[in-house]
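With the hints as your guide, set chain B onto chain A.
Each chain, written out:
Number of protein chains: 2
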Amino acid sequence: MINIGLLGLGTVGQGVVEIVNSSQEELKKLVGEDVNVKKILVKNKDKERSEEIPKEKITYRVEEILEDKDIMVVIEATSDVEESYKNIRKALEQGKHVVTANKAIVSKYFEELSNLAKEKDRAFLYEASVGGGIPILKPLKEEIALNDISHIQGILNGTSNYILTRMFEEGLDYGETLKIAQDLGYAEANPSSDVDGYDTQRKLRILSTIGLKGEVKENDVLVRGISSISSFDVEQIKKLGYTVKLIGETNIIDEKFTAVVEPVLLRSDSYFANVNMAFNAISLEGNNVGELKFFGAGAGKLPTANAVLKDVIDILKGTYRKKNILGSRKLKNRNEEIKGKYYLRISLGSGEIPEEIKGLAEKILDPNFAAITREVEFQEVDKLLANLNIQDEKYFLARIQD
Amino acid sequence: MINIGLLGLGTVGQGVVEIVNSSQEELKKLVGEDVNVKKILVKNKDKERSEEIPKEKITYRVEEILEDKDIMVVIEATSDVEESYKNIRKALEQGKHVVTANKAIVSKYFEELSNLAKEKDRAFLYEASVGGGIPILKPLKEEIALNDISHIQGILNGTSNYILTRMFEEGLDYGETLKIAQDLGYAEANPSSDVDGYDTQRKLRILSTIGLKGEVKENDVLVRGISSISSFDVEQIKKLGYTVKLIGETNIIDEKFTAVVEPVLLRSDSYFANVNMAFNAISLEGNNVGELKFFGAGAGKLPTANAVLKDVIDILKGTYRKKNILGSRKLKNRNEEIKGKYYLRISLGSGEIPEEIKGLAEKILDPNFAAITREVEFQEVDKLLANLNIQDEKYFLARIQD
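Keeping their order, the protein sequence lines are chains A and B. Position one of the first sequence corresponds to residue 247 (the numbering used here), numbered consecutively onward. Position one of the second sequence corresponds to residue 247 (the numbering used here), numbered consecutively onward.
A couple of the hints might just be wrong.
The list treats identical chains as one, so a pair stands whether inside a single copy or across any two.
Cross-link-like lysine to any residue pairs, in silico, SDA-like; alpha carbons within 25 Å at most [as the list claims (entries may be wrong)]:
1) K578 to E358
2) K640 to I610
3) K275 to K576
4) K274 to S396
5) K284 to I559
6) K275 to R567
7) K576 to V266
8) K578 to L276
9) K563 to V277
10) K563 to S360
11) K275 to I571
12) K364 to V277
13) K364 to G564
Hint data in this document are derived by calculation from the structure and do not stem from the laboratory. Treat the numbers as computed from the prediction; the structure is a model and nothing was measured.
Here chain A stands alone, though its shape is the one from the complex (with noise of 0.2 Å):
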């Protein structure tokens, strides 16, 4: 019998013991053996849970599983950093496999987890923390390990681009239709590392430090977010014939690399224009195998628990990758060379338009105030902002691709 340790029993916590459940036969088939979800680490004692859960699984304390010498395989599916990551470190410390759902620990500690887990000749893996139920990160380490990867562009984030959906298919305000979200539970209460992006440049960073084959940092990443669109944007950006998605993209030439997340306004019939709710799509550029591109949920209880479990089947079968899985190529970051024209609303209630803002445009959609700009830098047009007094949530910016 495999005995598995699981800490958290949040979404992605309950549909692991729900799959495993369900699948107990499958499981045994592919793996030879039983497989047993033997401790559950919780921290409310007082929470109600489903009766599949055994009472006598439920522990409060870490210990009983990173100390149990029958557990072979610890799940971490909570959504807390700097606790879970002590913990993966022990448990890996103890010998034991880690497979995680949590793609802010695999941002935050990508090569030393990944050192750790080679050192001690044990596995971690992380399928879930990126593109959810999409099989994206192990074909990318195995499938097309050949390739020099090119581009890599996706929607990530299953949050903002259900609250981007909403308000282009049926006019809802950004307010209202985050509160939809929230109470469907798309959103959580603070939605902000989804609409912000943060959520997005993690991932972008995961998948670009596997698929460049060379360290991406999370600060490689450029961020903006879509928190202050308004319907009014809405509404000019349809007129335009575009939707807005928030991308996260990777481009590289040669060693150097550019990366960036943030609302990029789509012609209506492009691929990306066409992933729409809590979906997750991403394209991939290699060498030898050209333009590949994956489509799916990106987060949800049994998609999210069907990605660890494969991770777990990986271990228990040695089919996955031990050696050179994070590259050694030295890469050399060029966001600063990134230009581009943005969409540009700003709202200064009855305040009149600075002459530097209007200087911007190369084309005026509404005088108070909407407007596609020249070609400009990242930064340019926040910084011209800055100047101005004027707040992040005061305007509305999104690059236009063509």
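Here is chain B on its own, set in the frame of chain A:
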């Protein structure tokens, strides 16, 4: 040093040599040893070959590969079936691992060769046989192995998709477009297996057997091709707001499945309608993971060779599934239950359209003669037309999907 024997030096074989040469260093990093294509079987002694192929590697006798104890992996990259099937058997019997890109062999001898490989404890891998460069079979075997797959749908043949795309984009006739495809190397001199749907049938048989975890035979898949489509059909179909794609589709409820390859009228804004030229796309529906879609180059030298070499790397690293590759689920075919509405065009020259045919129509598009039929069984129209002595090439039939 790892030695590979290569059977065939056509497009795929050349691609294999090219990538092995260009990726020596990367391959060594991945597998820990140099990888060497030691011998290459060719048929034609007089053919001119690229200078990249050293003459001493060429052989005309397959025994020089099959009986070479230093050769660990045989890559089968020919286009014939019976002879290559025998060579694959011999290679496995000699204790060699086998990789093939040949879907006709995989489809015809899938269970037999998989069982032989299992018996000999060797790999028999065939990622390139479906979807060209798209990572699809490994994800299906590994990443979503815990899912019950209920639906598989795809554009699996690049040649027919190239022809349909150019006909719809440029209004060309079928004959002209086929000629262009042949001149560009997209279609063979005898294009039947591509345009009549047999290639798609084989790929759907392979995908379905893996995905459904039970045997789906070639003749479990109904087939209708595209070779009788005309520019008149394209005009009519465009007017209705549709495009046409050659679609393979498998559905299963409980243990009963349907499997069909046929031209389908798709709304122009649907996902598959926008998969153009020689690209392929595959959509899967799993109970845990939901819908997944994969897109990429369905053929071509480097994408296909990339998939072949992925299999080789998996063999050298042992990272492929060794047990229960083909499931033992007992499935029942219920193709006789398939019904649908069809676009039907008949060209009788000066002949009168028989009343029986008019009786099929729910809506007449052109009196001379194109129509949308009422709901009919898959072969109902063909049978009626055969009874009226109307030959295959005189009509075009395509299911309407809404």
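We went through each hint and held it up to the structure:
{"no.": "1", "hint": "K578 to E358", "verdict": "within (20 Å within a copy, 51 Å between copies)"}
{"no.": "2", "hint": "K640 to I610", "verdict": "within (18 Å within a copy, 57 Å between copies)"}
{"no.": "3", "hint": "K275 to K576", "verdict": "between (43 Å within a copy, 16 Å between copies)"}
{"no.": "4", "hint": "K274 to S396", "verdict": "between (40 Å within a copy, 22 Å between copies)"}
{"no.": "5", "hint": "K284 to I559", "verdict": "within (16 Å within a copy, 35 Å between copies)"}
{"no.": "6", "hint": "K275 to R567", "verdict": "both (22 Å within a copy, 12 Å between copies)"}
{"no.": "7", "hint": "K576 to V266", "verdict": "between (41 Å within a copy, 24 Å between copies)"}
{"no.": "8", "hint": "K578 to L276", "verdict": "between (43 Å within a copy, 24 Å between copies)"}
{"no.": "9", "hint": "K563 to V277", "verdict": "both (6 Å within a copy, 18 Å between copies)"}
{"no.": "10", "hint": "K563 to S360", "verdict": "both (19 Å within a copy, 19 Å between copies)"}
{"no.": "11", "hint": "K275 to I571", "verdict": "between (28 Å within a copy, 10 Å between copies)"}
{"no.": "12", "hint": "K364 to V277", "verdict": "both (23 Å within a copy, 16 Å between copies)"}
{"no.": "13", "hint": "K364 to G564", "verdict": "both (14 Å within a copy, 18 Å between copies)"}
Violation of the numbered hints given earlier is absent; every hint is satisfied by the structure.
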